[in-house]
Amino acid sequence: NAGVTQTPKFQVLKTGQSMTLQCAQDMNHEYMSWYRQDPGMGLRLIHYSVGAGITDQGEVPNGYNVSRSTTEDFPLRLLSAAPSQTSVYFCASRLWDKANEKLFFGSGTQLSVL
Amino acid sequence: ILNVEQSPQSLHVQEGDSTNFTCSFPSSNFYALHWYRWETAKSPEALFVMTLNGDEKKKGRISATLNTKEGYSYLYIKGSQPEDSATYLCAFNPPDSSYKLIFGSGTRLLVRP
Chain E
1 NAGVTQTPKF QVLKTGQSMT LQCAQDMNHE YMSWYRQDPG MGLRLIHYSV GAGITDQGEV
61 PNGYNVSRST TEDFPLRLLS AAPSQTSVYF CASRLWDKAN EKLFFGSGTQ LSVL
Chain U
1 ILNVEQSPQS LHVQEGDSTN FTCSFPSSNF YALHWYRWET AKSPEALFVM TLNGDEKKKG
61 RISATLNTKE GYSYLYIKGS QPEDSATYLC AFNPPDSSYK LIFGSGTRLL VRP
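For the record, the sequence lines run as chains E and U. Be aware that the first sequence starts at 1, since it is given in my numbering, and climbs by one per residue. Be aware that the second sequence starts at 1, since it is given in my numbering, and climbs by one per residue.
Simulated from the structure, these hints should not be mistaken for laboratory data. Some hints could be false.
[To be verified] The calculated lysine to any residue pairs, modelled on SDA-like cross-linking and capped at a C-alpha distance of 20 Å, are:
(1) U:Lys100 x E:Val113
(2) U:Lys42 x E:Gln11
(3) U:Lys59 x U:Glu15
(4) U:Lys78 x U:Leu11
(5) U:Lys58 x U:Lys78
(6) E:Lys102 x U:Glu15
(7) U:Lys57 x E:Asn100
(8) E:Lys102 x U:Gly79
(9) U:Lys100 x E:Gly51
(10) U:Lys100 x E:Gln11
(11) U:Lys100 x E:Arg44
(12) U:Lys42 x E:Ser87
(13) U:Lys57 x U:Arg37
(14) E:Lys102 x E:Gln11
(15) E:Lys102 x U:Arg37
[To be verified] To spell it out: a stretch of chain U is covered by chain E in this simulated footprint if at least three of its residues, at any positions, have a beta carbon under 8 Å from a beta carbon of chain E; those stretches are:
(16) 31 to 43
(17) 104 to 111
[Unchecked claim] So the derived list for chain U, only partly shown, Cβ under 10 Å to chain E, looks like this:
(18) Val4
(19) Gln6
(20) Ser7
(21) Gln9
(22) Leu11
(23) Val13
(24) Val49
(25) Thr51
(26) Leu89
(27) Cys90
(28) Ala91
(29) Tyr99
(30) Lys100
(31) Leu101
Ideal Cβ positions, reconstructed from N, Cα and C, are used throughout, including at glycine.
Throw the hints in and build the complete structure from the sequences for me.
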């Protein structure tokens with residue numbers, strides 16, 4: 001099993017550009033989520049999904065869109081990038097509706113918006 | 001706003017020292033408390049997930065305890081080694097959702113040889 005795979009690892013955007021961060025998992029996890037990590041702050045939840053076709057907002061959803069058309073994939077879209085979205089992004093998954101199940105994290109995407 | 005507080009923010013110890021960190025969280029409607037270890041340039045990896053008041057978990061030299069009534073968890077490292085250097089994150093589920101996991105800002109541990 002590859003686990004949780006994120007691409008790209010690094011990305012530089014100009015303000016106003018759009019892009020999609022890809023996340024895929026091969027563990028048949030229903031639950032998938034996106035976090036961002038900023039200096040001095042904990043991981044903050046952007047969006048999450050508990051299964052194909054089901055998504056919901058986390059703590060900091062503004063400026064981001066998600067969709068979940070398959071169990072395996074959970075892409076994160078920035079429609080019009082802003083410098084405030086410069087951050088490290090992590091995708092994570094686990095078995096759904098299992099609060100006592102641990103999260104498995106991808107390797108992260110370092111995004112800079114100029 | 002629900003906060004997960006971790007202390008201290010950072011900690012420098014000598015190899016062989018034992019150390020502990022604290023995670024404080026709102027104690028109402030508790031679901032689960034997670035601890036993750038995050039090494040520089042890597043992804044966070046789960047250490048423990050605890051659900052019951054009084055839970056104690058152990059993994060090698062690392063152990064954790066949980067008090068849901070007063071809203072805190074301790075992480076202990078016995079005989080710290082340089083490879084223990086990492087940021088230790090705790091996270092908990094807020095009362096309204098078992099799907100959302102709220103993370104603290106972490107305790108950064110540096111173990112000097």
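Just to be careful: measuring from the Cβ of U:Lys100 to every Cβ in chain E, is the smallest value less than 10 Å?
holds (6 Å)
Given pair status - E:Gln11, U:Lys100, alpha carbons within 20 Å:
violated (27 Å)
Tell me if the interface restraint on U:Val49 is satisfied: Cβ within less than 10 Å of some Cβ in chain E.
For U:Val49, the interface hint holds, since the closest Cβ of chain E sits about 5 Å away, which is under 10 Å.
Pair hint U:Lys58 and U:Lys78, alpha-carbon separation not exceeding 20 Å:
holds (11 Å)
Residue hint U:Ala91, partner chain E, criterion CB-CB below 10 Å
Constraint on U:Ala91 satisfied, holds at 8 Å.
Within a Cα-Cα threshold of 20 Å, do U:Lys42 and E:Ser87 meet the stated pairing?
Holds. U:Lys42 to E:Ser87 sits at ~15 Å (cutoff 20 Å).
Supplied contact hint for U:Leu11, tested at 10 Å Cβ to chain E
Where the cut-off is 10 Å and the nearest Cβ of chain E is about 16 Å from U:Leu11, the hint is violated.
Quick one, are U:Lys100 and E:Gly51 close enough, alpha carbons at most 20 Å?
holds (14 Å)
Quickly compare the C-alpha distance for U:Lys100 and E:Val113 to 20 Å and report which way the hint goes.
The hint is violated at about 27 Å.
Does U:Leu11 lie within 20 Å of U:Lys78 when you go C-alpha to C-alpha?
Holds. U:Lys78 to U:Leu11 sits at ~14 Å (cutoff 20 Å).
Between the alpha carbons of E:Lys102 and U:Arg37, is the straight-line distance 20 Å or under?
holds (12 Å)
Assess, step by step, whether the Cα of U:Lys100 is no farther than 20 Å from the Cα of E:Arg44, and give holds or violated.
holds (10 Å)
The structure fails hints 1, 6, 8, 10, 14, 20, 22 and 23 (numbered hints given earlier, in ascending order).
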